Structures are given as structure tokens and as C-alpha cells.
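Student: Listed here are the chains, written in short residue letters.
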Amino acid sequence: MANQSIKVRAKAKKGVAKVKCLINHPMETGLRTDSKTGNKVPAQYIQEVVCEHKGKDVMTAHWSTGISKNPYLSFRVKDAVKGDTLKLRWTENSGKKDSTSITIN
Amino acid sequence: MRMKRRAFLKNTLATSSIGIAVAAGLLTPASVMAAWPQAAMKATSIDHALKGTGMAGAQKEKGLKIKAPGMAENGGTVPVTVSSKIPGITAMAIFVKGNDLPLTSAYDITDNIEPYISTQIKMAKSSEIIVVAKAGDKLYQNTKFVKVTVSGYAGK
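So the protein sequences, as listed, match chains A and B. Going by the numbering used here, the letters in the first sequence line up with residues 1 to 105, in that order. Going by the numbering used here, the letters in the second sequence line up with residues 1001 to 1156, in that order.
Mixed in with the good hints, there may be bad ones.
As the list claims (entries may be wrong) - Output of the computed footprint for chain B on chain A, the stretches with three or more beta carbons under 8 Å from beta carbons of chain B:
(1) 4-14
(2) 57-71
(3) 77-87
What the hints assert, rightly or not - Using 27 Å as the maximum straight-line C-alpha spacing, the simulated BS3-like pairs for lysine-lysine come out as follows:
(4) B:K1060 with B:K1042
(5) A:K97 with B:K1060
(6) A:K69 with B:K1147
(7) B:K1144 with A:K20
To be verified - Residues on chain B that point at chain A, a partial pick, calculated with CB under 8 Å:
(8) Y1107
(9) D1108
(10) N1112
(11) I1113
(12) K1122
(13) S1126
(14) S1151
Derived by calculation from the structure, the hints in this document are not laboratory data. Here the structure is a predicted model, which means the values were calculated and not measured. Yeah, the Cβ is synthetic: ideal placement off N, Cα and C, and Gly gets one too.
Could you put together the complete structure from these sequences and hints?
Tutor: In C-alpha cells form, the structure reads like this:
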């Protein structure tokens, strides 16, 4: 399960890589009630998404529960060429982590 | 049958441990998240959220572009794209005025990425989206009103 939570595509054009990622995550606010049990569903959301390029953290996103479930995030990395490696990692409020790395097309 | 009972027990245990982890996470955020702006993220008014991120008192700037639909049917996923040509942007944040927790997200922008972020946010009701960008010691902000038909966020 762990390795499938992040889907990333990156395409380089004129030295700028357009990165698009989709993360498979419920982003629970902690307010929703489970219709079967009547209990509150505990908050479970991604707090931090970090993108690493050439060994440097180039982008850090701090998220609250106000981000949609199965979050989508897109950004553009400078000085990136085809073949470069991009690493993405996220951390949940519970401390759970996941990461992936891809090659720029 | 026995297997199912085992699975059930396991699941209940797993759920409760998540709950404990969440509680622990809320109590000691600093140890888990070094830079996560706890105060701003939990702020329930737009003023507090802006202050919490150090982004209060920004001047209006049209060069900070917000791309979002004028009307969103589903408040659960409102696509927002923020971009700008202002040089030297180091941070950007997206706020929704009408949400119980106005700060949806904050981004650290380094020299190695363009000031461009595209994501999807939750909106409780028709409201203004406020985007603030920090460049050097200057703050810029722009707003866009989005009409929401079905609420997609009840968050505190």
C-alpha cells in the first residue's frame, strides 16, 4: 500500500519541469461521523509535502484539513532536465510517512 | 468465522491506536513537524490565520494571479492555481475566508521553483479566496470570490 499513495508525473521543457502529483489520501477533518457506528472519524490528514531535486528541498507545502481528499498538487521546478530524479515525501498528522522518487521525462 | 473475528479485533485495535497517535500528535506538534505553522493552521478567524503565518497587512497586488472557478458546484474540490511574476517570492499561502479554519495551505517557495502552485481545496460556503505571497519583506495579496453550491468542508 505504502508505495502506491503518490502518483507523480514530471515533464521538462526549456529547463523547467512541470510536476503534477496525486496523493491517495482520505484527508479526514476529524468532524465527520461514521454512519455505521455513529463515532467521529478521527482527523487524518497530510501536514507536509516536500519535493526534493538534486539533493535539495525545493518545495515544501504545509497543509491543513482544508485540502481536498486525494490531494492534487502541481508546481514547476527550475533547472530541471530530462533524466533528473525528483523525490516526493509527505507526512501525516499521525506521523505516518510515505515517499516516492521518479525520473523527469 | 474465527478468522473474521480476528480481523475485527485487529481493526478495532488499529483504529484506537490511530486515535492515540493523533492525540499525541496534537499535543507535541513541534517534535513531529518542525515548521508546520500550528497556530495559524488551528486559527478560526481569518485575522488570526493571517497573523499566525506572519502575513497580515499585505498590500493588494494584481500581479498575483488566482485561477479558480467563479462558481464551484462541489465545495469539496475547488481547483485553485496561484501564480505570479513578482520576483523573489519565498512563501505563498491560500486562505478561504468562509471556512472555520481559514488557512488551507502554506508553501515554502525556494529559488529552485517557479512561483506557481496548483491544488484543490475544500470550501464550506461561497466565500473569498485570499492568497498572500511574501517577497523579501513585502507582502502581496489578492482575492477571488467563489460561489459554492454544495458545502464541502465542515472543519475545526
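Student: All hints, please: hold or fail.
Tutor: Hint check:
1. For a cut-off of 8 Å, the count of residues in the stretch 4-14 of chain A with a CB near a CB of chain B stands at 0, and the three-residue condition is violated.
2. Only residues whose beta carbon comes within less than 8 Å of a beta carbon in chain B count, and the stretch 57-71 of chain A has 14; three or more means the coverage holds.
3. Using a Cβ-Cβ cut-off of 8 Å, 3 residues of the stretch 77-87 of chain A lie near chain B, which meets the minimum of three, so the contact claim holds.
4. A C-alpha spacing of about 25 Å is found between B:K1060 and B:K1042, which places the hinted pair at or below 27 Å, so the restraint holds.
5. For the hint linking A:K97 to B:K1060, the alpha-carbon distance of about 37 Å lies beyond 27 Å, and the restraint is violated.
6. With a CA separation close to 20 Å, the supplied pair A:K69 and B:K1147 stays within the 27 Å bound.
7. A hinted pair counts as satisfied when its Cα atoms are at most 27 Å apart, and B:K1144 with A:K20 qualifies at roughly 24 Å.
8. With 8 Å as the threshold, the beta carbon of B:Y1107 comes within range of chain A, its nearest partner Cβ sitting at about 5 Å, so the hint holds.
9. The beta carbon of B:D1108 comes within 4 Å of a beta carbon in chain A, closer than 8 Å, and the hint placing it at the interface holds.
10. Using the Cβ-Cβ criterion of 8 Å, the hint placing B:N1112 at the interface with chain A is satisfied: the shortest such distance is roughly 4 Å.
11. The interface hint given for B:I1113 holds, since its Cβ lies 5 Å from the closest Cβ of chain A, which is under the 8 Å cut-off.
12. Interface restraint check for B:K1122: the shortest CB-CB distance to chain A comes to about 5 Å, inside 8 Å, so the restraint holds.
13. This hint is violated: B:S1126 has a C-beta 16 Å from the nearest C-beta of chain A, more than the 8 Å allowed.
14. A least Cβ separation of about 12 Å between B:S1151 and chain A goes past the 8 Å threshold, and the interface hint is therefore violated.
Comparing the model with each earlier hint shows violations of hints 1, 5, 13 and 14; every other hint is respected.
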